[in-house]
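Student: Residue numbers (my numbering), protein chains in the order written: chain E, 1 to 458; chain H, 1 to 458.
FYI, nobody ran anything at the bench for these hints, they're computed from the structure. Don't be surprised by glycine CBs; every beta carbon is placed ideally from N, CA and C. Just to be clear, a hint being listed does not mean it is correct.
Unchecked claim - Listed below are several chain E residues computed to face chain H (Cβ distance under 7 Å; list not exhaustive): (1) Ser49; (2) Tyr103; (3) His105; (4) Thr196; (5) Arg197; (6) Arg205; (7) Pro217; (8) Glu220; (9) Asp417; (10) Asp418; (11) Thr420.
Claimed, not checked - Heads up, simulated DSBU-like pairs for lysine-lysine below, C-alpha to C-alpha not over 30 Å straight-line: (12) E:Lys106 with H:Lys245; (13) E:Lys145 with E:Lys106; (14) E:Lys245 with H:Lys106; (15) H:Lys106 with E:Lys235; (16) H:Lys106 with E:Lys106.
Number of protein chains: 2
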Amino acid sequence: MRNLILAAAAALLAAAPVQANELAATAAALRDRALSDTTAWTVTESLTSEVGARPQGSPAMDRARDWGVAKLRELGFENVRVETYEAPSWLRGPESAEVTSPYPHKLAILGLGRSTPTPRGGLEAEIAVFRTLDEMLAQPEGALKGKIAVVTERMRRTQDITGYATAVRARSIGGVEAAKRGAVGYLVRSVSTDDTRLPHTGGARFSGIPMAALSPPDAELLERLAARGAPVRVKLELASTFREKAPAYNVVGEIRGREAPDEVVVIGGHLDSWDVGTGAVDDAAGIAITTAAAKLIADLPQRPRRTIRVVMWGAEEQGGSGEAYAQANAAEVPRMILASESDLGAGEIWRVKLPAGALGHPAMRAFAQVLAPLSVAVSPEPAQSGGVDVGPLQTLGAPVAELSQDASRYFDLHHSDDDTLDKIDPKALAQNVAVWAALVYAVADSDVDFRALAGGAR
Amino acid sequence: MRNLILAAAAALLAAAPVQANELAATAAALRDRALSDTTAWTVTESLTSEVGARPQGSPAMDRARDWGVAKLRELGFENVRVETYEAPSWLRGPESAEVTSPYPHKLAILGLGRSTPTPRGGLEAEIAVFRTLDEMLAQPEGALKGKIAVVTERMRRTQDITGYATAVRARSIGGVEAAKRGAVGYLVRSVSTDDTRLPHTGGARFSGIPMAALSPPDAELLERLAARGAPVRVKLELASTFREKAPAYNVVGEIRGREAPDEVVVIGGHLDSWDVGTGAVDDAAGIAITTAAAKLIADLPQRPRRTIRVVMWGAEEQGGSGEAYAQANAAEVPRMILASESDLGAGEIWRVKLPAGALGHPAMRAFAQVLAPLSVAVSPEPAQSGGVDVGPLQTLGAPVAELSQDASRYFDLHHSDDDTLDKIDPKALAQNVAVWAALVYAVADSDVDFRALAGGAR
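Next up, chain E with everything else stripped away, as it sits in the complex:
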C-alpha cells in the first residue's frame, strides 16, 4: 500500500519533468542540427543574389515579394500568402555633394529617407559644423539661417543597441531641428561604427530641407576644414521621389500545429531593405534565421502542438509593416502565444529575454538548459520591446521575446553599400537558428501561457 502511494506520488511528481525532459531532448537535438544546417545561409544567399537591394515601393520590392512566396512554398510552408497594404516610399535619385571652397573636395554622401530634394542644379551654402547634436540644439532660432548644418557626433560601438539608440537621434531629428533654426540643408555623420568612406543612410523625420549622411572620413574632413576658420561652402544636389502611400506586402507562411493550430507563435524578419548594399545583415539574415528555424521544426517526425508562423514584414525601413500586420490580424492576437522578430544582423545571440514569469513553466526552464552549451544567458529581466514590426502586436497584448544578437559589428554595415553577403559568418548565422529553433519549439510544443505566467509573476 505504502509502495503504491509512493509510486503514485512519484508518477505525479515526474509527469511534468518527463514531459519537459522530452521537450528538452528534442529542443537540444534541434539546436545541434541547426548548428550544422545551411538553410539560413542558402536563404540569405538566395535573397541577396537573386533580388539584392529592395526598398519599399520599388520594382525590386515586388521581386522580393515574389521571391518570399516562392521560397516559403519551396521549403514546405503552408498557407503561404501575401498581405497587401499601403506604406510610405521614398526612393533615391541621383545625388552628389562637394566642398566648393576653400578647397574643392568631392564628398561621399547618401540622402536620408524623407529628405526633400534640392532644387535642380543643387544648393550651395556655407556650413556650420557641430561636434554633437546637443551643440546644435543649443543654437537659438535663426542662428543657422541660410546655412547647411553639419552634425558630426560619433557613435560608440556596443554589444547591444545602446550605441545606435544614442547616436541615431542626430540622424532622425537633426534635420527637423536644423530647419527650425533656419538651416537650408542638413548633413550628419553616418550613424556607423566603421571608418570606411561609405555613407550610411536611414530614415529621418520630414524636415522640409535636404538631408544627407556623410561618410565618417568626410565628416572628419569638414571638421578639419571648419577648424581652419575660413568659411567652408558645400554644394549639395539630391533628387528623390516620395509617395505617402505605395503598395506594400507582408509575406506569410505557416507550419500548422497538430493539436492547437489556432494558437500561433509569430516570428520573422523584414523583407525590405535600403537601396544600398544588398540587405544581407539588414535583414535577409533575420528572414533566413527565422525561416530556417521553422523549417527545422517542420522536419521533425511530428508537428508541434501549435502553429508557427513566419512573417516577412515588407516595410520596416520606411515604416508601416508592423502596424499593418497588427491591424489586419488584430482579432487573432489573443491566440498569439508569442511574437518575436530577428532584426539586428547576423551576429551570435548572446542573451534571450522572455516574457515576465516565463521561467515558471518547465518548458521554459528546459529551454534555458538547452541554451547553456551555447553560452547564451536567459536574462532575469523580462523582454521589454518587441521591435519595430512586433511592437504593434505587443501593444495589442501579444507576449514578446527578445533574442539579443551581438551588434558589435552590425553598425559597420547597416544601411550602407557594405551590407553584403560576404560580411555574414555562416557559423554565427547557424548559432542564431539554433537558439530560435529551440525557443520556438519549446513554446510551440508545450502549453506555456505567458499571459498567465505574467499574472503569476506580478
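Following the hints, position chain H against chain E.
Tutor: Just chain H now, with coordinates in the frame of chain E:
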C-alpha cells in the same frame, strides 16, 4: 714613454668609435625627438585637407605642386624648385556598371588607368568568370570572343609587398590577355585585402578594351551568379580621357650640407595620387615622413656634412616621374650618396635594408644600434629595389636603401576612396620619421661611401 705610446695607440683606436659615438648620440636624440614630433602628421593633414585627390594631369595636381613649394619653403628648405617634364595622364569620367540578367544589380566599380572608354551608351555582354588569372590565361585564342572577362583572384595579406606583387598581375596584364582572347571588356576583383564595397583602381597595360576593378563583394556576387549556370550579362559604361604627354612636376627642396654640399642624400615620396580618396597613405604619408625627417635634422645646432634633398615625385601612379628625375639629374648621380623613397603607406617600419657592405662603416653600425630600441632590424640582405621613383637613379648607379613599412593594412586602403587621413596612426607615422631621421643623419653627417663598401663586400 710607454704611457705615451699607449695613449697614442688608444687615441688612434678610439678615433673612429668616438666619432661614431657622437653620431650615434645625435641619431638617437633625433630618433627620440621624432617619436613625439608632429610635423609628419601636420604635413599629411595639410596635403589631404588642402588638396585632396591629385591625379597627374589634373588641376588638383597643379594645386599639389604649389602646395609642395609653399610647404617646403615654410619649413625652411633651401633651393626649393619645380622640375617640369611630361608624363601620361589618364583621367576618369562618369562610370557605371550593372548586372542586367538574370537579376538586376548595380555593381561598384572603378575604371583602371589606361582603360579604353566604352562607346557612349555603354557596352553589354555576357561575362566569363575565372577564379584566377592563370585560369583565364589557359583559355585559347578566341575563347572569350564577345564576352566581358572577369578575374576574381584574391589577394593574400602579407607584411611586405609579396601579396600585392602576386595579385597585381591580374590587374596590370589581365586586360591585355583578355583582349588577346577576344574579350570586349575586362573586370578584375580589386587588388585589395579589405572586404568593403569600395573598388580599388590602379594602372593597367593598355589593352584597347574597357577595364575596371570590382569591389570585393561585387566580385563575389558575380562568382555566385555565374555558379548558377545561366548566362550572366553585364552592362558597362566607362568614360575617360588620356593624354600620352601632360605637364608633370617634381618638387624639390634641400637642406644644404655644411662641408660637402655637393654630396647628396636623396629621399622623398610621391606627390600625385589616384583620383579617389585623398591620397593619404599613398603617398602624402611618404612625402610627410621624409620631409619631417629632413626638417628634424635641419633643426640641429649644426647642419650635417652633406646635403639632404627631399623630392616630391609628381607622376608615380601613372609613371614617369622617377625616369624624368633621373634623366634631368643624371650628371649628379655619381655624387648621390644614397637614394631612398617612402611609398608603402604609413605603417611602422619593421626592417631596413642597406646597400651591400654598409655595416662595414662605423656610422652604419651606429645607425643599427640606434634602431634597436625600436625593434627595427637591419636586414643581413642588401637592398635590392629602389622603388618606382628611385629605381631609375639606381639604374644609373645610385646606392639605395629600403625602409620596409608594415604593409599588412596598406592594401585595405590603397587606390580606393578609403585612402583618407583618419586611417593613419600618428604614432606609426612618427616611428617612420624616427627611422628615416636616424638613417639620413647617419649617412649625411658621416663619410660613408656605399660604392666603396659594396666593392669591399664583393
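Student: What are the numbers of the hints the structure violates, in ascending order?
Tutor: 6
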